Every structure is written in C-alpha cells, then in structure tokens.
Amino acid sequence: MSLTVSDLTVARGGAPVLEGVSFTLPDGAALVLRGPNGSGKTTLLRTIAGLQMPLEGTIEGAEDRIAYAGHLDGLKPTLTVAENLSFWASVFGAHDGIDAAVEAFNLKGLTTRAAGALSAGQKRRLGLARLLVTSMPVWVLDEPTVSLDQSSVALFADAVRAHLAGGGLALIATHIDLGLEGEVLDVTPFRARPRIDPVFEMDLS
Amino acid sequence: MPTLWGLAIVSLVGGLIWGFFLTPDADKFASTVKIIYLHVPSALMAINAWLMMLVASLIWLIRRHHVSALAARAAAPVGITMTLIALITGAIWGQPMWGTWWEWDPRLTSFLILFLFYLGYVALWEAIENPDTAADLTSYLCIVGSVFAMLSRYAVNFWNQGLHQGASLSLDKEKNVADVYYQPLLLCIAGFVLLFVALVLYRTGTEIRARRIGALEARERASA
Amino acid sequence: MRALLLRDLRLAMRAGGGFGLGLAFFLIVTVLVPLSVGPRTQLLAEIAPGILWLGALLACLLSLDRLLALDWEDGSLDLLATSPLPLEMVLGVKALAHWLTTGLPLVLAAPVLGVLLSLPGAGYGWLVLSLAVGTPALSVIGMFGAALTVGLKRGGLLLSLLVLPLYVPTLIFGAETARRGAVGMEAETAFLMLAGITLGAVALLPFAAAAVLRVNLR
Numbered sequence: 001m002s003l004t005v006s007d008l009t010v011a012r013g014g015a016p017v018l019e020g021v022s023f024t025l026p027d028g029a030a031l032v033l034r035g036p037n038g039s040g041k042t043t044l045l046r047t048i049a050g051l052q053m054p055l056e057g058t059i060e061g062a063e064d065r066i067a068y069a070g071h072l073d074g075l076k077p078t079l080t081v082a083e084n085l086s087f088w089a090s091v092f093g094a095h096d097g098i099d100a101a102v103e104a105f106n107l108k109g110l111t112t113r114a115a116g117a118l119s120a121g122q123k124r125r126l127g128l129a130r131l132l133v134t135s136m137p138v139w140v141l142d143e144p145t146v147s148l149d150q151s152s153v154a155l156f157a158d159a160v161r162a163h164l165a166g167g168g169l170a171l172i173a174t175h176i177d178l179g180l181e182g183e184v185l186d187v188t189p190f191r192a193r194p195r196i197d198p199v200f201e202m203d204l205s
Numbered sequence: 001m002p003t004l005w006g007l008a009i010v011s012l013v014g015g016l017i018w019g020f021f022l023t024p025d026a027d028k029f030a031s032t033v034k035i036i037y038l039h040v041p042s043a044l045m046a047i048n049a050w051l052m053m054l055v056a057s058l059i060w061l062i063r064r065h066h067v068s069a070l071a072a073r074a075a076a077p078v079g080i081t082m083t084l085i086a087l088i089t090g091a092i093w094g095q096p097m098w099g100t101w102w103e104w105d106p107r108l109t110s111f112l113i114l115f116l117f118y119l120g121y122v123a124l125w126e127a128i129e130n131p132d133t134a135a136d137l138t139s140y141l142c143i144v145g146s147v148f149a150m151l152s153r154y155a156v157n158f159w160n161q162g163l164h165q166g167a168s169l170s171l172d173k174e175k176n177v178a179d180v181y182y183q184p185l186l187l188c189i190a191g192f193v194l195l196f197v198a199l200v201l202y203r204t205g206t207e208i209r210a211r212r213i214g215a216l217e218a219r220e221r222a223s224a
Numbered sequence: 001m002r003a004l005l006l007r008d009l010r011l012a013m014r015a016g017g018g019f020g021l022g023l024a025f026f027l028i029v030t031v032l033v034p035l036s037v038g039p040r041t042q043l044l045a046e047i048a049p050g051i052l053w054l055g056a057l058l059a060c061l062l063s064l065d066r067l068l069a070l071d072w073e074d075g076s077l078d079l080l081a082t083s084p085l086p087l088e089m090v091l092g093v094k095a096l097a098h099w100l101t102t103g104l105p106l107v108l109a110a111p112v113l114g115v116l117l118s119l120p121g122a123g124y125g126w127l128v129l130s131l132a133v134g135t136p137a138l139s140v141i142g143m144f145g146a147a148l149t150v151g152l153k154r155g156g157l158l159l160s161l162l163v164l165p166l167y168v169p170t171l172i173f174g175a176e177t178a179r180r181g182a183v184g185m186e187a188e189t190a191f192l193m194l195a196g197i198t199l200g201a202v203a204l205l206p207f208a209a210a211a212v213l214r215v216n217l218r
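Residue numbers (the working numbering), protein chains in the order written: chain G, 1 to 205; chain S, 1 to 224; chain P, 1 to 218.
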C-alpha cells in the first residue's frame with residue numbers, strides 16, 4: 001500500500017510553515033526531502049508520522065505502519081545495545097530480525113555494551129538498527145546520517161536499499177546524497193504565507 | 001460595553017449602599033451581618049467563574065473557537081480575586097460570630113482548595129509559550145480539576161461537619177434570609193455578575209488584541 | 001506491554017534509576033517529625049496516620065518529574081507515540097511501573113515507620129490497606145501532571161503546584177481511613193471512598209494523560 005499525501009498544510013506552534021504539499025509514494029520507492037534549515041522538513045515528517053495534526057489536507061497509508069527516526073534515538077544509556085533493540089522490537093510487535101539488524105549496522109561486537117558507553121556515531125547506528133527491528137513498511141527519517149562516518153553512511157544506504165527492495169517505503173530529509181534511486185522534493189516552494197486567524201481580526205471597538 | 005460597565009457599577013453601588021445603610025441591624029448578628037453583601041456574591045462568583053472556565057474549556061476542545069480559550073484565561077484571575085474576597089470577608093465575619101478568624105470548616109476548606117486549583121490553572125497558562133498548546137493543556141486541567149474539586153468537596157464534608165450555616169439562598173427551599181436583607185442582596189449579586197461579565201469581556205478583548213499583535217509581528221517578520 | 005513494564009522496572013533498578021530515593025525520603029520525613037514536635041508519644045500516636053500518609057504522598061510527588069522527563073529527553077516518547085501501542089496504555093503501564101517501584105515500597109515500609117511514631121496496634125492493618133489501595137491513585141494522578149508539564153524547562157515546581165490539589169481527595173480519604181482505623185472507629189466508608197477514587201482515576205486518567213501528552217508532543 002502506498003503513501004499518499006494530498007494538499008497538506010503543516011503548522012509549527014500554530015503557525016503554518018508549509019502548505020499545499022502533495023505527493024504519492026508507491027511501494028518500494030523513496031522520496032528525499034530537501035530545503036534549508038527551518039524550512040519545515042521536520043514539521044512535515046512529524047505530521048506524517050502522526051505526532052501532530054495537519055492544519056489541512058490528508059495523509060493516507062501512514063497510520064500504524066510507520067517507523068519514525070527523529071533527531072533523538074530513544075536509547076536508554078543504562079540498557080545494553082541488545083536490550084534496547086529487543087525492547088523496541090517488542091513494542092512494535094516484532095521479535096525476529098534483531099540479529100539481522102545488528103549485522104546490518106555492524107554492531108556485532110557491541111551487543112552487551114551499555115548504550116551510554118557508545119560513541120555518537122555508534123548510538124546513531126543503533127538508532128537506525130531500531131528501524132529494521134520494527135519491521136514497519138514506512139520509514140520516516142529526519143536527518144538520519146547526522147554523526148555517521150562515511151562507511152556507516154554506506155551501511156545505512158544499503159539498509160534503505162534493502163528495505164525498498166522488500167517493498168518498503170522511505171521518506172528521508174537529508175542534506176547529503178545517499179546515492180538512492182529516489183525522487184527529490186524541495187520543500188521551499190511550499191513555504192506557507194503567514195495567516196491570521198479571522199477571529200483575531202474581528203472588530204473590538 | 002460602556003452600558004454594561006454602567007449597569008454593573010450602578011447595581012453594585014446601589015446594592016451596597018442599600019444593604020449597608022438602609023437595612024436594620026439584626027438582633028442576633030448586629031451589624032456584622034451586612035458583610036453578606038460582599039461575602040455571598042463573591043463566593044457565588046468564585047464558583048461560577050470556575051464553571052464558566054469549564055464550559056469555555058469544553059467549547060475550545062470541541063469547537064476550537066479561539067475566543068473561548070481566551071475567555072477562560074481572562075476569567076481565571078477574576079475568579080481568584082472573587083475567591084480571595086470570599087475567604088477574607090468570611091474571616092472578617094467569622095471573627096465576631098465564631099470567635100475565630102479561621103476554622104477548618106468544610107465550606108472554608110473547600111474554598112481554600114478551590115483557590116489552589118485556580119493558582120495551578122493560572123500558573124500553567126503562564127508557563128507555556130505557545131498559546132494554542134497552553135489553551136489545550138489548561139482546558140484538560142480545568143476538566144480534570146473540576147472532577148477533583150467536586151471530589152474534594154465531598155471529601156471535606158466527610159472529613160469535618162462544620163460550623164458554617166447552610167446556603168443563604170436557594171431556589172427550592174424557603175428563604176432563610178428575611179426580605180429586608182434579601183432584596184439588596186439580590187441587587188448586589190446582580191452587580192457582581194455584571195461586574196464579572198464586564199471584566200471578562202474587557203480582559204478577553206485585551207487578550208485578542210495581544211494575539212493580533214503577535215500575528216501581525218509574525219507576518220512582518222516573514223515578509224521582511 | 002510486558003516489555004515496557006519490564007524496561008521501566010529494569011531502568012529504575014539500575015544505577016541512577018532512582019529506586020529507593022522515595023523510600024529514603026519517606027524515612028527521613030518520618031524521623032524529622034518527632035524531632036520537630038518533641039518526643040511526645042501520645043501526640044505522635046495521634047498524628048501518626050496523617051504523618052505517614054503525608055510522607056508517602058510527598059515521597060510519591062518527589063519522583064514524579066522523572067516519570068516522563070527522561071523518556072522525553074531521549075526521544076523515547078516520540079517513538080512510543082508513533083508505535084502501534086495506544087498511548088493511553090503506554091502511560092497506564094508506565095504508571096504501574098512507577099507504582100511498583102515507588103508506591104509499593106512505601107506501603108511495605110509504612111508499618112515499620114509506624115512503630116517509630118508509636119502508631120496504635122489497631123492502626124497497622126488499616127494503614128497498610130489504605131496505602132496499598134490509595135497509592136496507585138497517586139501514581140496515575142501524577143502521570144497526568146507529568147504529562148501536562150513534560151515539555152517545560154522548569155516543570156518540577158509547577159508539577160507540584162498542579163498535582164497537589166488533585167491529591168486532596170485521595171489524601172483525605174486515605175488518611176481518614178488510617179486515622180479511624182487507629183482509634184478503633186468505623187473506617188469502612190472512608191476506605192470504600194478511597195477505593196472508588198483509585199478505581200476511577202486508574203480507569204479514566206490514562207486517557208486524560210494521553211490527551212495532554214499528545215498536545216505536548218506536537
């Protein structure tokens with residue numbers, strides 16, 4: 001099932017930041033979002049992930065199918081790498097695939113290490129490995145390559161390719177070229193004009 | 001608006017003068033009874049202000065009408081003031097009547113707890129920057145708070161039976177306040193209601209203007 | 001569900017998890033009371049149920065700002081909210097974990113502290129029973145307060161200001177049950193009211209908490 005976004009207006013703090021965003025993402029396809037800092041990529045991704053309501057427009061095919069990765073990885077420093085992964089696996093109702101995820105992100109030697117003892121790049125790899133264990137078809141990723149070195153970026157790109165080959169979808173906001181066969185959507189033209197709620201323009205005299 | 005202010009002031013001043021100077025002293029209470037012209041209306045409005053906030057909160061959550069949320073915000077400080085007036089006039093009256101400024105009587109205690117609920121509500125409004133988030137969170141707090149305020153009232157009644165006389169006014173039972181005192185009291189209550197409405201409308205207008213300024217500034221920043 | 005419960009319990013037990021802090025606080029408060037009112041056995045016996053209830057309530061309050069703040073800071077709440085689990089259930093389970101790590105130890109420690117305050121013999125059963133039934137309400141009410149203030153920088157003090165008035169009915173019925181039990185009065189009515197509040201709070205407040213948390217997450 002594809003992901004369809006039609007005529008979406010998203011708001012940050014009640015003020016619209018992007019409006020009229022529409023796209024359809026078929027199975028096995030990736031869409032890369034671009035745009036300068038503060039242009040509303042994060043807000044758009046959070047809206048699609050269901051963390052906030054759109055002001056206008058509809059999102060189809062996202063509910064309960066999403067694995068979201070934002071700026072933070074949701075890791076507990078006192079739990080080990082394996083414990084962190086198996087927790088997220090059971091939250092998403094999946095139980096196998098932990099080994100494969102560990103393999104894919106080259107975390108093998110670290111599974112018994114506490115997550116708090118990992119470097120920033122290793123933490124990020126663990127955060128991305130979480131995407132694999134959720135076995136959710138729609139990946140919504142916000143700057144996934146932050147603090148990754150070049151070889152880890154390559155691992156990540158491979159993981160995304162494998163996900164797409166398996167019929168998954170990916171929506172990625174990123175500045176670097178991952179070498180993916182995906183469309184690119186620049187959000188700048190969708191920047192919303194500021195509006196004032198008509199209530200606040202009423203005559204008070 | 002000016003008419004409303006006028007009516008509020010006229011009925012308040014009229015009612016207070018009538019109540020204070022033109023009614024006879026009661027045998028049992030002497031002149032201390034006259035504080036009911038402040039005590040009863042303010043106590044009524046303290047509760048009604050909270051009820052108004054509850055209704056406004058529900059309207060905001062269901063219909064997302066901005067004015068409703070702002071009206072709830074505008075009513076809270078007025079409600080706090082009413083609660084304080086009721087508590088202070090109660091203490092002043094309690095001193096000669098019961099020989100004590102404060103007693104852990106259920107009604108007094110309930111009002112003190114209501115005061116705490118008001119404080120939390122206002123503090124939450126003040127703590128949150130984003131106005132829509134603040135409106136949502138305070139609305140939920142108001143609803144949950146109302147339930148717990150009711151529970152507190154029953155709990156407090158259970159906890160201590162109390163000194164305070166029954167309600168001075170009720171629609172279904174016979175009046176237990178003589179007519180001479182009753183009529184000016186009604187006028188005072190009308191005055192407090194009108195004053196409350198006028199204050200809330202005025203403060204809501206101010207809130208709307210503040211939001212408009214914020215929105216205009218945002219537009220300016222965006223076009224600059 | 002079970003995984004979430006186990007994770008929260010494990011986190012509380014591991015280093016820096018804060019397990020036992022509430023218990024230690026409860027102990028210290030109870031010790032400070034006789035130091036402040038004097039070693040008057042009679043007076044202490046009389047106020048013991050109230051002091052123990054208040055101490056348990058404050059110990060519970062103390063741990064509330066960690067209830068959601070850590071999951072908020074590391075992004076876990078975002079991920080839990082986008083997971084297939086209903087957020088209401090997530091918060092309910094987290095409140096249960098909080099009760100198991102904070103409320104339950106207080107219940108178990110209360111009779112020992114009762115000895116320190118010369119609680120009359122008849123009071124122990126009612127004290128433990130009232131705390132066992134009342135502290136779950138403190139946890140879920142606290143969850144609602146924590147969800148309200150989770151996004152705020154200095155939410156701790158505000159959290160207390162919001163939660164304490166909500167604790168009033170639980171405190172009154174809980175302490176009243178323990179007090180009546182201690183002096184041999186009829187305590188069933190207060191106890192049933194307390195149980196009613198706990199049941200109502202456990203059934204409804206996770207929904208309110210999830211609603212306000214969704215507002216804070218957006």
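Be careful, since some hints might not be right.
Quick list of simulated restraints, FRET-style, between CB atoms [claimed, not checked]: (1) G:V146 <-> P:L104: 37 to 47 angstroms; (2) S:G214 <-> P:G38: 34 to 44 angstroms; (3) P:L21 <-> G:S2: 44 to 54 angstroms; (4) G:N37 <-> S:W102: 52 to 62 angstroms; (5) G:R193 <-> S:W102: 36 to 46 angstroms; (6) S:R219 <-> G:S119: 39 to 49 angstroms; (7) S:A123 <-> P:L21: 48 to 58 angstroms.
Okay, the calculated bits of chain P under chain G, using three or more residues with CB under 8 angstroms as the criterion [stated by the list, open to error]: (8) 138-149; (9) 187-196.
None of these hints come from the bench; they were simulated from the model. If you're wondering where the values come from, they're calculated on a predicted model, not measured in any experiment. C-beta: ideal position from N, C-alpha, C; glycine also.
Going down the list of hints, with the structure as the test:
At roughly 41 angstroms, the beta-carbon separation of V146 (chain G) and L104 (chain P) lies within the given 37 to 47 angstroms, and the hint holds. The given range of 34 to 44 angstroms is broken by G214 (chain S) and G38 (chain P), whose C-beta atoms sit roughly 57 angstroms from each other. About 50 angstroms separates the C-beta atoms of L21 (chain P) and S2 (chain G), a value consistent with the hinted range of 44 to 54 angstroms. Taking 52 to 62 angstroms as the suggested C-beta distance range, the pair N37 (chain G) and W102 (chain S) conforms, at roughly 58 angstroms.
The supplied range of 36 to 46 angstroms is broken by R193 (chain G) and W102 (chain S), whose beta-carbon atoms lie about 58 angstroms from each other. For R219 (chain S) paired with S119 (chain G), a C-beta distance near 45 angstroms keeps the hint of 39 to 49 angstroms intact. The beta-carbon spacing between A123 (chain S) and L21 (chain P), approximately 26 angstroms, falls outside the hinted interval of 48 to 58 angstroms. With a cut-off of 8 angstroms between beta carbons, the stretch 138-149 of chain P has 0 residues touching chain G; three or more are needed, and the interface restraint is violated.
Evaluation of the coverage hint for the stretch 187-196 of chain P: breached, as 0 residues show C-beta separations to chain G shorter than 8 angstroms, against a requirement of three.
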